[in-house]
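**Student:** These protein sequences, in sequence, are chains A, B and C.
Note that full-length UniProt numbering numbers the first sequence so that position 413 is 413, with each residue one more than the last.
Note that full-length UniProt numbering numbers the second sequence so that position 53 is 53, with each residue one more than the last.
Note that full-length UniProt numbering numbers the third sequence so that position 147 is 147, with each residue one more than the last.
The reader is advised that the hints may include incorrect statements.
Which copy? The list can't say, so a pair holds if one copy fits it or any two copies do.
What the hints assert, rightly or not - Cut-off 20 angstroms, straight-line C-alpha distance, at most; resulting in silico cross-link-like pairs (DMTMM-like, lysine to aspartate or glutamate):
hint, residue 1, residue 2
1, K274, D438
2, K115, E36
3, K272, D48
4, K272, D439
5, K320, E270
6, K429, D35
7, K274, E452
8, K429, D439
Honestly, the hints are just simulated from the structure, not real lab data.
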Amino acid sequence: MSKVFSTSLRCRLPCLLFFFQGALLLLFILFVTYDEHTDAASQSPDADPSANQLYAFFSLFQDIQLMLLVGLGLLLAFMKGYGISAVAYNFLMANFATQWALIVQGFMHHYHQGKVHLGLYNILTAEFAAVTVLISAGAVLGRTSPLQLLLMALCEIPLYVVGEWLTVTRLQAVDVGGTITLHVFACYFGLGVSIALYRPGLQRGHPKENPSYLSDLLSLVGTMILWVFWPSFIASLARQGDAQHRAVLHTWVTLSSSALTSFATSSLLEKKGKLNMSHLQNATLAGGVAIGAVADMAITPAGASVLGIVSSLACILGFKYMTPFLATKIHLQDQCGIHNLHGLPGIIGAVGGIVAILWIPDEAYGLRLHQVFPPHAPPLGNISMAETTSEGQELGRTASQQALYQAAGLGVSFVVSLVGGYLTGLVLKLPFLAQPPDDLCFDDALYFKIQEPVETWCVVQAHEDLHLPLKDNV
Amino acid sequence: MSKVFSTSLRCRLPCLLFFFQGALLLLFILFVTYDEHTDAASQSPDADPSANQLYAFFSLFQDIQLMLLVGLGLLLAFMKGYGISAVAYNFLMANFATQWALIVQGFMHHYHQGKVHLGLYNILTAEFAAVTVLISAGAVLGRTSPLQLLLMALCEIPLYVVGEWLTVTRLQAVDVGGTITLHVFACYFGLGVSIALYRPGLQRGHPKENPSYLSDLLSLVGTMILWVFWPSFIASLARQGDAQHRAVLHTWVTLSSSALTSFATSSLLEKKGKLNMSHLQNATLAGGVAIGAVADMAITPAGASVLGIVSSLACILGFKYMTPFLATKIHLQDQCGIHNLHGLPGIIGAVGGIVAILWIPDEAYGLRLHQVFPPHAPPLGNISMAETTSEGQELGRTASQQALYQAAGLGVSFVVSLVGGYLTGLVLKLPFLAQPPDDLCFDDALYFKIQEPVETWCVVQAHEDLHLPLKDNV
Amino acid sequence: MSKVFSTSLRCRLPCLLFFFQGALLLLFILFVTYDEHTDAASQSPDADPSANQLYAFFSLFQDIQLMLLVGLGLLLAFMKGYGISAVAYNFLMANFATQWALIVQGFMHHYHQGKVHLGLYNILTAEFAAVTVLISAGAVLGRTSPLQLLLMALCEIPLYVVGEWLTVTRLQAVDVGGTITLHVFACYFGLGVSIALYRPGLQRGHPKENPSYLSDLLSLVGTMILWVFWPSFIASLARQGDAQHRAVLHTWVTLSSSALTSFATSSLLEKKGKLNMSHLQNATLAGGVAIGAVADMAITPAGASVLGIVSSLACILGFKYMTPFLATKIHLQDQCGIHNLHGLPGIIGAVGGIVAILWIPDEAYGLRLHQVFPPHAPPLGNISMAETTSEGQELGRTASQQALYQAAGLGVSFVVSLVGGYLTGLVLKLPFLAQPPDDLCFDDALYFKIQEPVETWCVVQAHEDLHLPLKDNV
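Whole structure, please, built from the sequences with the hints as guidance.
**Tutor:** Spelled out as structure tokens, the structure:
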């Protein structure tokens with residue numbers, strides 16, 4: 001059936017992108033102006049230039065961009081003939097989704113006096129939104145056209161903004177590194193899409209799904225880049241000072257524990273103790289997903305280490321047992337194993353947050369309690385620093401109450417994303433979206449004008465030389 | 001004819017490099033000393049160490065080095081058997097040209113009390129000079145020996161310094177991100193060289209010019225690295241504070257618009273809507289070239305977006321129609337398409353600067369007008385901050401006058417570079433410079449002791465296996 | 001003989017890693033707590049968040065992590081079928097060794113009131129310790145199992161901490177960038193291990209030792225990353241202010257001189273003047289190794305340039321003449337040539353430090369003499385800044401005395417590492433450590449579940465196609 005429709009992107013991709021970029025440009029012209037950090041006219045003559053907000057996070061912003069476009073791009077490039085698509089679509093979606101989030105978040109959070117006020121900080125928060133799209137796409141990578149991926153981004157971004165608003169603004173759940181609002185949301189949205197896009201023809205695997213030696217190596221390099229800059233990602237939205245320092249420290253400790261645990265567990269589960277590349281590429285990052293929910297809490301380095309160990313264990317067990325189980329039982333195709341890297345560690349991190357809130361006494365935070373837990377801390381009487389008062393502070397919840405709200409936040413994120421993802425997936429089945437037919441999945445050559453990868457070429461050539469029939473379309 | 005001369009680098013390359021490094025060392029010994037930021041003896045006892053100039057730009061400096069040596073190196077490594085040369089020559093030229101610019105700029109701008117005063121900031125500005133060489137080399141990549149490339153750097157650096165002095169110091173044109181002085185200059189210098197080095201034998205293409213699957217992928221990764229750190233490049237010479245913040249914001253917006261426009265346009269122009277790799281590798285960066293001329297002006301985010309859209313459109317149309325046209329009509333061989341990525345967007349950016357100066361009212365800058373437009377702003381009566389007064393401020397030009405000077409700056413940059421490049425190219429035709437013969441162009445093995453790339457090897461092998469004659473020297 | 005024992009990692013690698021991570025977790029739980037920069041409860045209400053220690057070095061820390069995990073990983077990935085091992089083991093060892101150093105250094109230097117106090121700065125110094133392991137492993141790369149590498153890390157870290165304590169704390173040798181304590185130590189430790197692990201069967205080389213075209217290219221990219229971020233590494237432990245600025249400036253100048261000298265020398269020594277990849281991959285970094293001992297001294301840019309030229313010359317001459325000589329005469333197998341990149345430049349740097357101390361007059365440092373040379377400077381009478389007084393300052397050594405102590409530091413580092421390495425090597429010969437047999441050395445497939453690299457595959461295929469016997473196990 002899927003072969004009936006054209007897979008040509010001509011006209012369709014340009015139309016979508018030009019229309020989108022044109023519409024956004026119109027909104028920019030009509031509504032977008034500078035914020036107080038970027039507007040020249042509103043600078044006071046005695047303002048200290050080095051105190052501009054830019055310097056509080058610009059190097060973190062660059063780190064995060066490198067993570068997303070190079071690190072994640074390479075990590076996704078693990079299939080032998082789909083590396084160019086992985087890097088290019090990742091780049092395309094990141095830009096599409098960030099611009100879109102800039103507008104959606106802008107009208108939602110930064111609209112006053114008839115204008116959306118823009119500085120680099122807005123782009124940072126918009127990139128967080130875009131990350132959800134990049135993660136979700138991992139579930140359907142190689143089985144979707146760029147048109148489908150862009151439409152997915154179009155649907156996912158507003159839903160993410162709503163989900164985040166419900167979880168963080170309404171429920172006042174604490175989630176400094178986006179474990180609940182970002183990773184859990186992105187994972188179940190992606191799985192929802194994947195369920196809707198289920199293809200029986202790919203149930204028994206596809207010859208082009210496999211990595212080559214070099215794609216495995218490049219993917220591992222991508223993991224390294226993500227691993228290195230993960231602390232910047234987690235810390236970027238944490239409060240300046242000791243909170244940000246704790247976030248960085250915890251993230252390093254949890255990632256390092258994840259790394260050692262991944263090598264150990266992979267070797268334990270594979271024949272002859274050999275190390276499995278997809279375990280190393282993914283599970284070494286699992287702690288980074290989990291830590292987001294608790295990064296600035298006083299969980300102690302030991303707590304961070306436990307979280308890293310448990311998350312990477314869950315991730316590898318997920319790859320080994322859960323992914324095949326889900327594929328067989330509920331027809332869930334999860335191309336990059338996002339459930340193992342984002343779903344399970346995300347839930348573990350969210351639960352860890354609840355445990356941490358119940359377990360750690362308020363005294364561990366001293367005067368910083370108001371910063372780390374605005375809704376939990378008692379209202380402040382006399383505070384000298386303006387930035388310590390923030391939304392939610394008047395709530396005065398007990399720790400148990402806050403724990404309940406955290407659980408509610410996790411539930412909201414899970415339900416909204418899974419349902420939203422499934423509905424989005426149904427939309428993506430529309431016939432004019434150039435979805436690749438089964439036999440042309442996982443193949444760069446379908447949408448890119450490129451050389452065939454040498455690996456494929458060599459295999460083909462060798463078979464021809466030996467006069468062997470070619471099986472599996474290789 | 002070109003085969004008559006030896007292509008051996010032995011003696012010639014070592015002689016040039018040892019002589020150059022030796023001469024520079026002599027100049028360092030005789031004339032170079034620390035500046036006030038690096039000299040221990042001149043530090044006052046109560047100086048705040050954290051206020052050292054280093055911290056204002058060190059992380060930007062590292063970002064830029066990564067762009068140049070890894071990002072640009074990989075981007076240039078798009079030919080299947082010329083990746084090692086691309087990365088290695090890029091590295092060699094960057095060092096040669098930066099050291100040379102350090103001396104030339106040092107004697108021109110930092111020479112007082114009989115000494116050239118050196119700090120890391122000098123290396124940053126010298127690297128800007130070196131970038132021109134790296135860009136220009138793109139026009140003749142693969143058709144030149146390292147000796148020729150180094151001689152080109154030797155000629156280009158002083159000319160760049162003169163061109164920049166004419167444009168920025170004499171004409172007081174505003175160009176914070178180097179669109180006019182750097183990109184336009186580098187492009188037409190490179191094209192001048194290329195015209196002089198025209199080879200009829202390469203007119204109909206060369207079998208080794210093509211990318212392989214992996215070289216295309218690595219080149220795209222290079223694009224990603226350049227894309228990510230471009231804001232650091234543009235902002236590094238902008239004034240601290242809101243001006244630098246605007247520069248970063250505009251650069252991101254323009255690059256993002258370029259990215260989406262590139263995907264759209266490439267798909268529109270290619271058969272079956274397939275995406276063309278060289279479009280994605282280049283045009284996604286076009287906005288970054290153009291934005292340099294206006295990065296800190298109050299062009300609004302919408303203006304930055306327009307610039308990104310127009311630049312990437314021009315870049316792709318250039319690749320599709322202008323490069324073949326120029327190659328046929330005026331025998332202009334432009335290996336990496338620098339005219340499309342640096343020439344056209346550079347001119348667009350320069351024109352954008354003129355429009356912005358004429359269009360944006362002075363009120364948009366408030367008290368910052370003196371910072372963004374020293375020659376345009378009226379002389380200041382009473383300024384509290386010392387750094388707001390700068391050269392040119394007494395000129396008091398009208399906006400129209402400033403616009404004329406901008407146009408003059410563009411003209412000077414264009415003429416000086418094209419003529420200088422052509423004359424340099426004539427010098428590079430000297431017979432003892434080890435220029436590769438036509439059939440050994442685009443081949444790493446000529447100047448490097450390496451393994452043949454597997455792609456070539458496989459092709460050769462397959463042809464041998466099949467007893468087919470090898471055509472095209474593959 | 002070596003074939004008698006199993007090479008399966010199953011049980012052994014998981015046991016070692018789980019036991020190690022478990023033991024460390026126990027120590028974390030019992031003894032590790034936050035330091036004053038990360039502990040929320042101990043923050044005073046009026047503390048300036050932007051003055052947190054984190055911001056003094058976080059971006060340097062990220063740079064260094066990128067160097068170690070991506071840069072060094074890729075540099076080591078130069079063998080055609082051992083790239084995955086190189087990157088993965090480098091990652092594994094880095095985490096294992098850093099965690100281990102965190103505990104060893106923690107109990108040695110940061111233990112008070114019954115607790116080890118932890119902040120990100122501890123992780124930075126622990127990573128310096130881990131670097132020694134990563135360097136040492138270069139001597140035996142491909143001939144060792146991951147078990148052996150981890151055991152080596154287990155032995156090397158405490159010895160490094162002791163060696164550093166002897167050199168820096170007891171002898172008060174000055175070594176801001178770790179030339180003596182880190183590079184010289186790591187090199188001779190690794191060579192000691194290699195001597196103990198000598199294998200006659202590999203004396204005449206191994207077919208898989210060679211690079212492929214792409215592994216050579218990726219390794220060069222690794223060099224670029226290391227080259228770019230080397231200034232961050234050298235400067236990270238230097239004092240803030242002009243000292244750190246000098247360290248960065250000197251490192252750039254020395255690296256740049258090394259780069260040009262490497263191209264010149266390589267071309268001089270190879271047939272037809274071709275450039276040798278291993279020269280470019282290594283010798284361009286040699287100056288960075290040497291500069292560590294003198295980075296913040298007033299050696300002038302010319303001095304830094306001389307150091308870069310001499311170091312890279314020594315490095316290439318080492319590759320060309322010394323490595324073959326040592327291999328033949330004393331059976332020293334040095335897989336990555338660490339003696340050329342770390343040993344010789346390390347000794348040159350240490351000697352350079354002695355010369356600089358004897359040569360440069362105290363006046364060149366002014367009031368900063370106490371910062372650069374605590375043990376050499378006369379005791380301070382009246383100092384306003386608290387951080388200028390430091391351990392050793394009361395010693396009041398003359399320059400000649402200090403020079404002698406520097407030489408003693410070099411000697412201690414050399415002897416402790418060589419003997420310690422040899423003894424460690426003897427331990428690594430224990431039969432149950434899964435050491436690879438000769439014919440399976442340098443082969444990713446032994447310990448990883450992967451695709452064969454296409455290069456190997458093509459070669460095999462070609463031989464089969466041509467009905468040629470396969471020699472050398474390729």
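**Student:** Since the copies are identical, ignore which copy is meant and state whether K274 and D438 lie within 20 angstroms (CA to CA) inside a copy, between copies, both or neither.
**Tutor:** This pair counts as between: shortest inter-copy Cα distance 19 angstroms, intra-copy 32 angstroms.
**Student:** Measure nothing new, just compare the shortest in-copy and cross-copy C-alpha distances for K274 and E452 to 20 angstroms and report within, between, both or neither.
**Tutor:** For K274 and E452, only the inter-copy Cα distance (14 angstroms) is at most 20 angstroms; the intra-copy one is 31 angstroms.
**Student:** Give the relationship of K429 and D35 under a CA distance limit of 20 angstroms: within one copy only, between copies only, both, or neither.
**Tutor:** Neither: 41 angstroms inside a chain and 55 angstroms across chains, both beyond 20 angstroms.
**Student:** Treating 20 angstroms as the Cα threshold, decide for K272 and D439: within, between, both or neither.
**Tutor:** Between copies, since 18 angstroms is at most 20 angstroms while 34 angstroms is not.
**Student:** Tell me, please, which holds for K429 and D439 at an alpha-carbon limit of 20 angstroms: within, between, both or neither?
**Tutor:** Answer is within: at 17 angstroms inside a copy they meet the 20 angstroms cutoff, but 51 angstroms across does not.
**Student:** Check K272 against D48 for me: Cα-Cα at most 20 angstroms, and say if that holds within a copy, between copies, both or neither.
**Tutor:** neither (62 angstroms within a copy, 55 angstroms between copies)
**Student:** How do K320 and E270 come out at 20 angstroms by Cα distance, when the copy is not named: within, between, both, or neither?
**Tutor:** within (9 angstroms within a copy, 42 angstroms between copies)
**Student:** How would you label the pair K115, E36 (within, between, both, or neither) given a Cα cut-off of 20 angstroms?
**Tutor:** within (13 angstroms within a copy, 43 angstroms between copies)
When held up to the earlier numbered hints, the structure conflicts with 3 and 6 and fits the remainder.
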